[in-house]
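A.B. asks: Take the sequences, apply the hints, and build the full model.
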Amino acid sequence: DIVMTQSPDFLAVSLGERATINCKSSQSVLYSSNNKNYLAWYQQKPGQPPKLLTYWASARESGVPDRFSGSGSGTDFTLIISSLQAEDVAVYYCQQYYSTPWTFGQGTKVEIK
Amino acid sequence: QVQLVQSGAEVKKPGASVKVSCKASGYTFTSYGINWVRQAPGQGLEWMGWISAYNGNTNFAQKLQGRVTLTTDTSTSTAYMELRSLRSDDTAVYYCARAAAGHGFDIWGQGTMVTVSS
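The listed protein sequences derive, respectively, from chains F and Z. For the first sequence, the positions run 1 to 113 when the working numbering is used. For the second sequence, the positions run 1 to 118 when the working numbering is used.
Rather than coming from a laboratory, the hints here were simulated on the basis of the structure. Watch out, some of these pointers could steer you wrong.
Covered by chain F, per the in silico footprint, the following chain Z stretches (three or more residues, Cβ under 8 Å) [stated by the list, open to error]:
id: 1; segment: 6-19
id: 2; segment: 56-64
Listed next, the in silico SDA-like pairs over lysine to any residue satisfying Cα-Cα at most 20 Å (straight line) [said to hold, decoys possible]:
id: 3; chain 1: F; residue 1: K36; chain 2: F; residue 2: S71
id: 4; chain 1: F; residue 1: K45; chain 2: Z; residue 2: V5
id: 5; chain 1: F; residue 1: K51; chain 2: Z; residue 2: Q1
Over 12 Å on every C-beta distance to chain Z, these chain F residues come out as not near it, computed from the model [what the hints assert, rightly or not]:
id: 6; residue: L11
id: 7; residue: V13
id: 8; residue: S69
id: 9; residue: Q95
From a predicted model like this one, the values you see are computed outputs, not experimental measurements. Glycine is no exception: its CB is placed at the ideal position from the N, C-alpha and C atoms.
C.D. replies: Here it is in structure tokens:
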């Protein structure tokens, strides 16, 4: 199984400041045939289901604000919230869908400092 | 609009079974797969399995293999997850989520709380 490890577990950022979340996979999730990374990021607010933010590591889902951006390739990935808003308080998960079992990181909780 | 609507909360005794439904609307049901993901209280996300709504092919997390069955009813655009031999550590919110090839899980149901308690 591919193990997904996020860092940090908890992040407190001031409003308007940048939040950076890292995700590392235990093996590459890059498909050489199409040069795409099978890595997604989700946001989950309390009492709600997860919401897809980005897929293929850096493609933003329709309707997601452009302050959210994903990057990285192979085994190392990053989600950046460029200017944290109050509504961004949530737990963020990375997920690989390169091979089953699809696996998630343990989550990073983002709060306002 | 595109949505997945799940059945309501369940309370079961250890050893019993539970069947959760997930009704799709707003898209062609057979063009996508459905994943099932669960989340124990205060914990992270655990993928349980996937079913193709096109041909019924399935893929399961090994730890649940033998206890979980995934099915679909294309006439009603509904997916089902049945979990047997319930234990207390199966207490969780169970989600269905649409899967488009290479696109991650783009649409999620609202979740179904399953509580296993004697």
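A.B. asks: Take the hints in turn and mark each one as holding or not.
C.D. replies: Hint check:
no.	hint	in the structure
1	6-19	violated (count 0)
2	56-64	holds (count 3)
3	K36(F) x S71(F)	holds (12 Å)
4	K45(F) x V5(Z)	holds (18 Å)
5	K51(F) x Q1(Z)	holds (16 Å)
6	L11	holds (16 Å)
7	V13	holds (21 Å)
8	S69	holds (16 Å)
9	Q95	violated (7 Å)
Figure legend: structure checked against the earlier numbered hints; hints not met, in rising order: 1, 9.
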